[in-house]
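Peer 1: What follows is the residue order along each chain.
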Amino acid sequence: MSGLPYSNILVYLDGSEGSMNAAMYAILLAKASKASLHAVYVVNTKALGDLVRSHIFVDQEKAEYLEDLKKDAARHIRHTERLAASKDLEITAVSLDGSPHKEILSYIKQHGINLLVLGSVNTIRSRRDELTSENDRMLRTAPCPVLVVREDDDLWAEFEEV
Amino acid sequence: MTLLEALDKDLVKIPLTSSDGKGVIEELASLYAGKKGLSPARTEEIVSLVMDRERLGSTAMENGIAIPHAKIEGLGSTSVVIGVSRLPVEFGGKEGTKIFFLVLAPAENPTEHIQILSSIARVCSSELFVRMLQSAKTKDDVFQLFFE
Numbered sequence: 001m002s003g004l005p006y007s008n009i010l011v012y013l014d015g016s017e018g019s020m021n022a023a024m025y026a027i028l029l030a031k032a033s034k035a036s037l038h039a040v041y042v043v044n045t046k047a048l049g050d051l052v053r054s055h056i057f058v059d060q061e062k063a064e065y066l067e068d069l070k071k072d073a074a075r076h077i078r079h080t081e082r083l084a085a086s087k088d089l090e091i092t093a094v095s096l097d098g099s100p101h102k103e104i105l106s107y108i109k110q111h112g113i114n115l116l117v118l119g120s121v122n123t124i125r126s127r128r129d130e131l132t133s134e135n136d137r138m139l140r141t142a143p144c145p146v147l148v149v150r151e152d153d154d155l156w157a158e159f160e161e162v
Numbered sequence: 001m002t003l004l005e006a007l008d009k010d011l012v013k014i015p016l017t018s019s020d021g022k023g024v025i026e027e028l029a030s031l032y033a034g035k036k037g038l039s040p041a042r043t044e045e046i047v048s049l050v051m052d053r054e055r056l057g058s059t060a061m062e063n064g065i066a067i068p069h070a071k072i073e074g075l076g077s078t079s080v081v082i083g084v085s086r087l088p089v090e091f092g093g094k095e096g097t098k099i100f101f102l103v104l105a106p107a108e109n110p111t112e113h114i115q116i117l118s119s120i121a122r123v124c125s126s127e128l129f130v131r132m133l134q135s136a137k138t139k140d141d142v143f144q145l146f147f148e
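Chains A and B, in that order, are what the protein sequence lines are.
One point on numbering: in the working numbering, the residue at position 15 of the first sequence is 15, and numbering is uninterrupted.
One point on numbering: in the working numbering, the residue at position 133 of the second sequence is 133, and numbering is uninterrupted.
Certain hints may be false.
[To be verified] Under the rule of at most 27 Å between Cα atoms (straight-line distance), these lysine-lysine pairs were calculated in the DSSO-like manner:
| # | chain 1 | residue 1 | chain 2 | residue 2 |
| --- | --- | --- | --- | --- |
| 1 | A | 62 | B | 94 |
| 2 | A | 102 | A | 62 |
| 3 | B | 9 | B | 22 |
| 4 | B | 22 | A | 46 |
| 5 | B | 22 | A | 62 |
| 6 | B | 94 | B | 137 |
[As the list claims (entries may be wrong)] Simulated restraints, written as ranges between beta carbons of each label pair:
| # | chain 1 | residue 1 | chain 2 | residue 2 | range |
| --- | --- | --- | --- | --- | --- |
| 7 | A | 141 | B | 132 | 27 to 37 Å |
| 8 | A | 75 | B | 137 | 42 to 52 Å |
| 9 | B | 144 | A | 85 | 23 to 33 Å |
| 10 | A | 52 | B | 131 | 24 to 34 Å |
| 11 | B | 19 | A | 97 | 35 to 45 Å |
| 12 | B | 127 | A | 158 | 43 to 53 Å |
Derived by calculation from the structure, the hints in this document are not laboratory data.
Yeah, the Cβ is synthetic: ideal placement off N, Cα and C, and Gly gets one too.
Isolated chain A (complex conformation) (with noise of 0.2 Å):
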């Protein structure tokens, strides 16, 4: 325990460019605070179950899409593994399947994480809720602090110059 508050620290990468930015930027709390830092990816099975079952993907599809999904993990994990490791810091990084939201939540309880940073979240332009993103319901249910990181062009100069 580093003795402050956020010592067990989760940023959620989904491929987004967001996401990266919330990567770089949770690489840079993790090591000012010397707090622990997790990165997970979730291979959204959940997603691909349902739209083989609603007809919109057939199964050598929903195979094919697998794949992609797995192999965008492997790189978004790479990718975040070589940003800390450029600023000296240890992380653990884990692709997981499912329902991401749920397997984000998951996470939090069982790893004792008390800081979930995400990428950026969406203006509410619609009340629907089959409309909301992953981001937003993990924003919205999350045990834990989170915190959201703004669209920032100067966050690669400042990740640069640390």
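Start from chain A and add chain B according to the hints.
Peer 2: Positioned in the frame of chain A, the structure of chain B alone reads:
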């Protein structure tokens, strides 16, 4: 990117004029190509990719909705092109299809593609939403349904 971010009022065709499935895909792809300034060859390539995918199994659902889609190399971002037909179109489902969501996604971003397809499937699982979409008269009507 979410479904709402991918929607564009210029990419809504109401009513569709084609009476067969391939014609509908060509109509929607042309609308997309016009907006994005694509060449006829690139438009044809998109139609081919979508129809190749349909041959694996129709994306028509039981409620008169179809979600044809393709992942395309070199596409900048995911786009959703919506078409509403006054008459049911044969698209491989048990019943004719009146509402088409053509989803064109960059091959490089599978997560976004899955998220957008899932959002369409979720929102279209509401019978009320589908009825309202079927009775939409204008692009504005369609848009308002998503953003209300």
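Peer 1: Now tell me if each hint is right for this structure.
Peer 2: Hint-by-hint comparison with the structure:
1. With a C-alpha separation of about 22 Å, the suggested pairing of residue 62/A with residue 94/B holds against the 27 Å cut-off.
2. Between residue 102/A and residue 62/A, the direct Cα distance comes to roughly 21 Å. Compliance with the 27 Å bound is thereby established for this hinted pair.
3. Distance restraint check for residue 9/B and residue 22/B: the Cα-Cα separation of roughly 23 Å lies within the 27 Å cut-off, and the hinted pair is therefore satisfied.
4. Among the hinted pairs, residue 22/B with residue 46/A is inconsistent with the structure: their alpha-carbon atoms are about 31 Å apart, more than 27 Å.
5. At most 27 Å may separate the alpha-carbon atoms for a hinted pair to count; residue 22/B and residue 62/A meet this at roughly 24 Å.
6. Of the pairs offered as hints, the one joining residue 94/B and residue 137/B holds, with about 25 Å between alpha carbons and a cut-off of 27 Å not exceeded.
7. Taking 27 to 37 Å as the suggested C-beta distance range, the pair residue 141/A and residue 132/B conforms, at roughly 29 Å.
8. One distance hint, 42 to 52 Å for the beta-carbon pair residue 75/A and residue 137/B, holds here, with the actual separation near 45 Å.
9. At about 49 Å, the CB distance of residue 144/B to residue 85/A disagrees with the hint of 23 to 33 Å.
10. Range check, residue 52/A to residue 131/B: about 26 Å between beta-carbon atoms, so the 24 to 34 Å window is met.
11. Judged by the Cβ atoms, the range 35 to 45 Å given for residue 19/B and residue 97/A holds: they are separated by roughly 43 Å.
12. Between residue 127/B and residue 158/A, the C-beta spacing of about 50 Å keeps the proposed range 43 to 53 Å intact.
When the structure is compared with the earlier hints, violations turn up for hints 4 and 9 and for no others.
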